[in-house]
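Enquirer: Required output: the full structure, derived from the provided sequences and hints.
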Amino acid sequence: MMALKRLRDMFVASINEGLDKIENPRVMLNQYVRDMESDIAKAKHTIVKQQTIVQSFKGKYEEAEKLAVKRKNQAQLAFDAGEEELAKKALSEMKYFEEKNGEYQEAYQHASKQLGELKEQLEKLEVKLRDVKDRKHALIARANAVKAKEHMNASFNKIDNESAYREFMRMESRIEEMEARANSYAELSASSGSPYSRVEYAKEVEEELEKMRAKKIGLEKQQSAGNE
Numbered sequence: 001m002m003a004l005k006r007l008r009d010m011f012v013a014s015i016n017e018g019l020d021k022i023e024n025p026r027v028m029l030n031q032y033v034r035d036m037e038s039d040i041a042k043a044k045h046t047i048v049k050q051q052t053i054v055q056s057f058k059g060k061y062e063e064a065e066k067l068a069v070k071r072k073n074q075a076q077l078a079f080d081a082g083e084e085e086l087a088k089k090a091l092s093e094m095k096y097f098e099e100k101n102g103e104y105q106e107a108y109q110h111a112s113k114q115l116g117e118l119k120e121q122l123e124k125l126e127v128k129l130r131d132v133k134d135r136k137h138a139l140i141a142r143a144n145a146v147k148a149k150e151h152m153n154a155s156f157n158k159i160d161n162e163s164a165y166r167e168f169m170r171m172e173s174r175i176e177e178m179e180a181r182a183n184s185y186a187e188l189s190a191s192s193g194s195p196y197s198r199v200e201y202a203k204e205v206e207e208e209l210e211k212m213r214a215k216k217i218g219l220e221k222q223q224s225a226g227n228e
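My numbering puts the first residue of the sequence shown at 1, with every later residue one more than the last.
Everything labelled a hint here was simulated from the structure, so no lab data went into it.
Heads up, a few of these hints could be off.
[As the list claims (entries may be wrong)] In silico lysine-lysine, PhoX-like type, Cα no more than 20 Å apart, as pairs:
(1) Lys58 - Lys119
(2) Lys100 - Lys60
(3) Lys70 - Lys49
Expert: Structure, rendered in structure tokens:
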């Protein structure tokens with residue numbers, strides 16, 4: 001049974017420790033920062049890929065434009081030489097490259113627009129991250145102050161509500177009683193030659209002391225009931 005109780009206590013302690021970590025503002029704020037940094041890193045990676053795509057479309061439409069111009073010149077040369085079939089073939093390829101040039105330019109413009117939007121989003125994320133980092137330390141300090149206040153309030157409530165404080169006060173009264181008794185014994189010892197210290201009065205003296213003790217205990221109980 002004791003072993004099972006220890007296992008249960010260990011399990012409960014581990015659960016409570018996990019909950020404390022989850023509810024710990026420092027842990028949560030640091031996690032928010034790490035998540036935002038991860039998002040920014042992913043955004044930067046996406047931007048690099050998008051820049052590669054933009055440059056690829058730019059290269060393709062520029063190459064198509066050059067080839068279209070080249071085929072046009074070749075068609076003119078073939079026509080001037082009387083080679084109309086060759087000129088028609090060159091003109092056909094020219095039209096093909098002109099069409100591709102238009103397609104690549106459109107793709108380039110679309111990709112460039114997406115790249116601009118990604119950069120804008122990245123800039124907003126970086127601004128938010130700077131803001132979070134600037135405010136994180138202040139928030140952690142405020143959270144620590146709240147936890148310290150809660151701990152202090154709990155300590156005060158513990159003192160007010162539990163019997164330990166009342167037990168302490170009772171012990172103080174008991175010690176004062178013992179001090180008074182010791183002082184009384186010292187005075188009696190000092191006056192041992194007095195007729196009041198005769199042995200035959202010991203029983204009567206003890207009875208009187210019992211009455212005094214009972215009366216004191218009754219007063220203490222009344223005081224304790226009044227305080228509660």
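Enquirer: It remains to establish, for every hint, whether it holds in the given structure.
Expert: A quick look at each hint next to the structure:
As the CA atoms of Lys58 and Lys119 are separated by approximately 19 Å, the hinted pair is consistent with the 20 Å bound. Of the supplied pair hints, the one linking Lys100 and Lys60 holds, its CA atoms being roughly 8 Å apart against a limit of 20 Å. With a CA separation close to 32 Å, the supplied pair Lys70 and Lys49 exceeds the 20 Å bound.
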